[in-house]
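**Student:** Next come the chains, spelled out residue by residue.
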Amino acid sequence: MHPVATALGTVMHPVATAPGTVMTYNDSVPANVLGNKWSGYGGAVVGSALVTAVLAPFHQQINSTTVALAFLLVVLFVALFWGSRPALLASVLGVFSLNYFFLPPLYTLSISHPQNWIALAAFFTTALAVGQLSARAKRRAEEAEAASQEIQRLYQELQSAFERASHAEALRQSEKLKSALLDAVTHDLRTPLTSIKASITTLLDEIRGRSPDDQIVALDAESRREMMEVIDEESDRLNRFISGLIELARIEAGELHLQRRWGTVEEIISTALARAENLTRAHQVILNVESELPVVRVDERAVSEVVYTLVDNAAKYSPEGTSINISARRSGDGMVTMSVADQGKGITPDLRERVFDKFFRATRDGDISTHQPSGTGMGLAIAKGIIEAHDGRIWIESANGPGTRVVFTLPIGDEEFTGEADYAAEPKQVV
Amino acid sequence: MNDKPRILVVDDEPQLTRVLRTGLKSRGYDVRAAADGLAGFETFSDWHPDLVVTDLAMPNMDGLELCRRLRAVSQVPIIILSAKGEEKIKVEALDLGADDFVTKPFGIDELLARIRASLRRAKSQPGSEPEQAVLQVGDFQIDQAARNVMVRGQEVHLTPKEFDLLIYFVRHSGKVLTHHTLLAAVWGGNYVEQDQYLRVFVGNLRKKLESEDLNKRYLITEPWVGYRFNPHGTQV
Chain A
7 MHPVATALGT VMHPVATAPG TVMTYNDSVP ANVLGNKWSG YGGAVVGSAL VTAVLAPFHQ
67 QINSTTVALA FLLVVLFVAL FWGSRPALLA SVLGVFSLNY FFLPPLYTLS ISHPQNWIAL
127 AAFFTTALAV GQLSARAKRR AEEAEAASQE IQRLYQELQS AFERASHAEA LRQSEKLKSA
187 LLDAVTHDLR TPLTSIKASI TTLLDEIRGR SPDDQIVALD AESRREMMEV IDEESDRLNR
247 FISGLIELAR IEAGELHLQR RWGTVEEIIS TALARAENLT RAHQVILNVE SELPVVRVDE
307 RAVSEVVYTL VDNAAKYSPE GTSINISARR SGDGMVTMSV ADQGKGITPD LRERVFDKFF
367 RATRDGDIST HQPSGTGMGL AIAKGIIEAH DGRIWIESAN GPGTRVVFTL PIGDEEFTGE
427 ADYAAEPKQV V
Chain B
10 MNDKPRILVV DDEPQLTRVL RTGLKSRGYD VRAAADGLAG FETFSDWHPD LVVTDLAMPN
70 MDGLELCRRL RAVSQVPIII LSAKGEEKIK VEALDLGADD FVTKPFGIDE LLARIRASLR
130 RAKSQPGSEP EQAVLQVGDF QIDQAARNVM VRGQEVHLTP KEFDLLIYFV RHSGKVLTHH
190 TLLAAVWGGN YVEQDQYLRV FVGNLRKKLE SEDLNKRYLI TEPWVGYRFN PHGTQV
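Heads up: the sequence lines are chains A and B, in that order. Numbering of the first sequence is given in my numbering, commencing with residue 7 and proceeding in unit increments. Numbering of the second sequence is given in my numbering, commencing with residue 10 and proceeding in unit increments.
Here chain A stands alone, though its shape is the one from the complex:
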């Protein structure tokens, strides 16, 4: 027992200090590898010593084959945990211990029966083979494990590379979209500005009396008025465009604060028509509003804006003298359905969704090749925002005949609306 304890002490000592000390000598070798190696030899010594210590007192009762198998087990475990060299040490220790403690004559290294020489040689050979084979198996397993980890790492690297690439692509796409929108906006801002600037410089030249090349510039009253009109109209156009931009930005930011109140559909329509009076002068407006429509709880100003936009579009994109049909009726599902129809060229099915995109203009961006007055490209996008904020829906119906028919729905809204607290304080008109 004593030698074992000594061996344990001397062998185990470096293991405890290995991580620090070894690292200072050789930075390229990880400390735990050396530690494992030394603990392997330690394991071989401890394992053999344990088997000897446990079995030696009983050497009378058990036969030497059992003892040899126990030593083989030690070799096997040492090989599996620490590899072939510690296993070799375990084999040698096993042979020595078997011979010294178990094979007669005991406590000598001599052997009395020649057959025990054969047994000992067989044991040693088997132990060697077991040690080498199991160590090799272990190494293979480790290599396979390392390879699979490497594959996993490469795969993750590849995956994150792909993710980065697709993220960059998405970013590029959104940048592209942004710059396309910016182009559309700058075009719409610059166009009225160009007319205004040209008008004003024409007027200024006249005030100066002479042009830079010393020609006398004279504008008749008619021309002067025309220049002023252009400035007036184009300033309004700029203002409309900017208001539209702001409205659109609000809708997109989810900041459209609806001022819901109870109101009648007739009132909403008539407000819109009064505003659109100048636009619809050349058209015949036909109203078809169902009698006894319930009052609706909506933001009247906003919905009236939607009706105005639709009537404006109808007047713009249909020939003079044709009619514009406005209808409102109750649909079964607690909704009021309204529509504005014109007798213009109509919108091809493939563009019917896109016209609700901001800055999309069928006359410019689509394939409608006739030259028509164009709007801001925001009217329908804003209308859609307003209707959807009311939990309604807006779409272009496929009409049988020519013309465009824009339909939208609005929930009637009941008294148990899930409105905010401030609405509750408002007086409610009961149907």
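Don't read these hints as lab results, they were simulated from the structure. All residues carry an ideal CB built from backbone N, CA and C; glycine is no exception. Treat the hints with care, as some may be off.
[As the list claims (entries may be wrong)] For each label pair, taking beta carbons as the anchor points, the in silico distance ranges come out as:
1) B:E74 with A:E156: 58 to 66 Å
2) B:G198 with A:R287: 54 to 62 Å
3) B:A131 with A:E326: 52 to 60 Å
Given chain A, put chain B in place with the hints provided.
**Tutor:** Relative to chain A, chain B alone:
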């Protein structure tokens, strides 16, 4: 009928054609307007204007295609109305033979100045002018046979390529010349991408022709487009 210069304005923006029609008429021009390239080309064929002012982005036929069609049948001066951000198409239009450009938004004076210059140039070159032995323009007197250049009465020594480049500038005084056009005309078609050649030669010409204490520039850079030659010098 009358001798008022005829100007055709092609733009899809009705308010702008309205202003230009009035503004140009008040300066003694006869004006017609068209809303797109196709209508513009038709008006051109019927009416034979002396000058065409055209927008670039238009439905049906854009300004670029209009330039191409016009150049196929006529040498009428073309002035382009372009917006910032349309530089690429603008250069393309100039390469196709457009004479000048005005950037939106513009003052009417700027447009009128370009119109006058283009009309003057068109008048001064009826067909191909006979090879004059001595060119006399602005501060320049150039003896083509002797390849001798005098600027403000002083002789200047130029290399053969510098001389060719100067002659080309002088012959196209006041006109915007794209990098592409200059390279093709002076160095030949294989060099049209060699912008740096041009930059070096224009730099050398400037050093030899322009004098610092005069604060005058003869070779004016049109950023991203090319150069314009002013034989009288532009004050800087």
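**Student:** Work down the list of hints and note, for each, if the structure agrees.
**Tutor:** Hint check results:
1. B:E74 with A:E156: 58 to 66 Å: Holds, at about 60 Å.
2. B:G198 with A:R287: 54 to 62 Å: holds, 60 Å
3. B:A131 with A:E326: 52 to 60 Å: violated, 42 Å
Hint compliance for this structure: hint 3 alone is broken.
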